[in-house]
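Peer 1: Starting from the given sequences, assemble the full structure and let the hints guide the process.
Residues per chain, in single letters:
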Amino acid sequence: MKQLLILSGKGGTGKTTVASSLIKLSSAKAFADCDVDAPNLHLVMAQDKEPIKKDFYGLDVARINQDKCISCDLCRQNCRFDAINVNEGYVVDNFACEGCAVCTIVCPADAIDMLPRITGNLSLYKNDHVFSTAELIMGSGNSGLLVTQVKKDLTQNTDAPLAIIDGSPGIGCPVIASISGVDMVLLVTEPTLSGFSDMERIIQTSRGFPAKIAVCINKYDLHKENSEKIEQFCEEKGISFIGKIPFDKAAVSLVNNGLTLVDKEGLSKEAIVGIYDKIMKLLYGEEKI
Amino acid sequence: MKIAVLSGKGGTGKTFVATNLARSAERCVYLDCDVEEPNGHLFLNGPLLSSSKVSLPIPKVNESLCDGCKKCVDFCRFNALAFVQNRVIVFDKICHSCGGCKIVCPQDAIYEVDREIGQIESRTYKNTQVFTGKLLPGEESGTSIIHELFDKIKPEDSLVIIDAPPGSACVVMDSIKDVDYCILVAEPSIFGSHNLKMVHELVKLFNKPHAAVLNKSLGEDNPSKDYCIENNIEILADIPFSQELGKLTAEGKLVVEYNNEAKELFKDLLDKIYKEVRI
Amino acid sequence: MIIGIPADKEDKNSPVSGSFGRAPFYFIYNDETNEVEFAVNDAAKAQGGAGVKAASLIVEKKVDTIITPQLGENASMVIKAANIKMYQSKEGSLMDNVLYLKDGKLEQLGNIHEGFHKS
Chain A
196 MKQLLILSGK GGTGKTTVAS SLIKLSSAKA FADCDVDAPN LHLVMAQDKE
246 PIKKDFYGLD VARINQDKCI SCDLCRQNCR FDAINVNEGY VVDNFACEGC
296 AVCTIVCPAD AIDMLPRITG NLSLYKNDHV FSTAELIMGS GNSGLLVTQV
346 KKDLTQNTDA PLAIIDGSPG IGCPVIASIS GVDMVLLVTE PTLSGFSDME
396 RIIQTSRGFP AKIAVCINKY DLHKENSEKI EQFCEEKGIS FIGKIPFDKA
446 AVSLVNNGLT LVDKEGLSKE AIVGIYDKIM KLLYGEEKI
Chain B
38 MKIAVLSGKG GTGKTFVATN LARSAERCVY LDCDVEEPNG HLFLNGPLLS
88 SSKVSLPIPK VNESLCDGCK KCVDFCRFNA LAFVQNRVIV FDKICHSCGG
138 CKIVCPQDAI YEVDREIGQI ESRTYKNTQV FTGKLLPGEE SGTSIIHELF
188 DKIKPEDSLV IIDAPPGSAC VVMDSIKDVD YCILVAEPSI FGSHNLKMVH
238 ELVKLFNKPH AAVLNKSLGE DNPSKDYCIE NNIEILADIP FSQELGKLTA
288 EGKLVVEYNN EAKELFKDLL DKIYKEVRI
Chain C
154 MIIGIPADKE DKNSPVSGSF GRAPFYFIYN DETNEVEFAV NDAAKAQGGA
204 GVKAASLIVE KKVDTIITPQ LGENASMVIK AANIKMYQSK EGSLMDNVLY
254 LKDGKLEQLG NIHEGFHKS
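Chains as they are written, first to last, in the numbering used here: chain A, 196 to 484; chain B, 38 to 316; chain C, 154 to 272.
Derived CB-CB ranges, DEER-like:
hint, chain 1, residue 1, chain 2, residue 2, range
1, B, 159, A, 197, 44 to 54 Å
2, B, 267, A, 480, 47 to 57 Å
3, B, 94, A, 308, 23 to 33 Å
4, B, 94, A, 197, 41 to 51 Å
5, C, 195, A, 354, 22 to 32 Å
6, B, 267, A, 311, 34 to 44 Å
In silico BS3-like pairs for lysine-lysine, Cα to Cα no more than 25 Å straight-line:
hint, chain 1, residue 1, chain 2, residue 2
7, B, 107, C, 214
8, A, 249, B, 234
9, B, 241, B, 214
10, A, 249, C, 198
11, A, 197, C, 243
12, A, 347, C, 162
13, A, 244, B, 234
14, C, 243, A, 347
15, B, 304, B, 39
16, A, 419, B, 290
17, A, 444, B, 262
18, C, 215, B, 107
19, A, 483, A, 424
20, C, 233, B, 97
21, B, 107, C, 233
For the record, the hints were derived by calculation from the structure and aren't laboratory data. Quick caveat: nothing in here was measured; it's all calculated off a predicted structure. Using N, Cα and C, we set each Cβ at its ideal position, and we do this for glycine too.
Peer 2: In structure tokens, the structure reads:
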């Protein structure tokens, strides 16, 4: 199975819009949404059946037993995450607690337990295709492992030749977890100063992995000069530049109606078809375009 | 007064709103808490004045005192320690800096050293003092950087604008927990409204007074606007999609410096926010 | 030799697992006594540091040689520190790979990846 991951660095460049378009165009039978902080792919790829749902457990969370607590304050003093507050008794802030269990060892009254904690919800749709997605529960940290589980649920439930993965913005742990094991990363960027700056950071992050990297520009004609700069940058750094998609006002309505850029004839569709061709070449042989 | 600008979804215009609001005030402190991909300083682009390291304490083992009891390895919930060939190995990047191993060691053989995870950069741009948090690529948690950013606020700073990270994970919570007011920026796609809902739940959970700013509106169906109306979220501004504003922003320019309408809009918005907070 | 191989199932004829740190089991084969053991890998469920924990388990089991498709940098640090030999697995079952090793058909492992630091 070849795995294609769509990343961006900056949010809002069009990862999900491009990912859904590529899924439609390629008729991919395996896809996943690894943006567990703010999953959106399911809004475009509408599903008929209910998914198989699973709870995802993160690190344990501390709980102070009020009956045993003697208010000595040692737990609060030793907590490095400001996760213990006094509010009619000593209480753990579940969002701040990182599950380190230091409080349990400094407590002289054995008043603190570590309890299992659900930090995410996984959904696996299995029709004629497999779609794996998940949502991180608000305020949770450590989303990398949830991302890994999303990918695992996908790869273990299909033997489709191509899997397309909608990634998350940023450069942190969930992004790193999503890059692991993929064959190619497509960076969707936009012709803005912010987009360029973030693209550089995501390229730096991606370079540590064996996956091939390619860049495309979304909404390129909103600033053609900046778009040229991005192309030049890719050329200088030896990164495959594989296409530019024009801004399309109708894109928002298409997406709002559960459609993709390839569901409407025009320049956007042409651009995506061109990008797809080059992706296939890179995935199945060529080193660089 | 501390105002956080958040969005749930990336790319809706958090930084666009936050930087232009900052520029519209008489004086202001700007905290860029989007430590993975900070962008505010590209717009409020005064020269770099200083850069300070942000570090986390990492354990080190004094091998002459270590007797191989492995209590530290067994205690660590993050698997950041291993005991091999009579030595404790510390895995820096996995360590959460909780200090637990140091506490459990019966021989007092563990001490701590600093490990850099990011920086805080300081700049001044006209009326605004800008502090930018930057997480080193490969690092996981920006929480401590955000804490240090908030430490930069002085009592005499009457207006602080916080550019929060996208999403609703723990770093977003860190960015808003001490603020007085939250502005939720939303774009008119179902992606935008879906993520608006997430971030709305977050601000409600933290009991933060809040209002919405709609950005890049296309004048037709706006699921984000619908969400605001259905949920009684006041809409303080509805900024239409504008190729001109987009181009200025694409070039790293503050629209309030180049476009009179935008200048009026942001001045109005700031006034409205002041009124809301004073109530 | 005491050989350790990551496994998805407790069956010596099942394929080698794709992951070292998060394989549900380790197939442990004692070359001299022909004894076979399947050790449960607790690291598979760990939030982070799976490679470290998994490698520590291997060390505890007194394995002196591992056969694996890949190895993360944290696990490899522990494995190297313990002077355990590392070989690249080939397609085939757990037992197939044991025989490949004995026939000298396996190469030393060159595939150490950065992994994800905190997962």
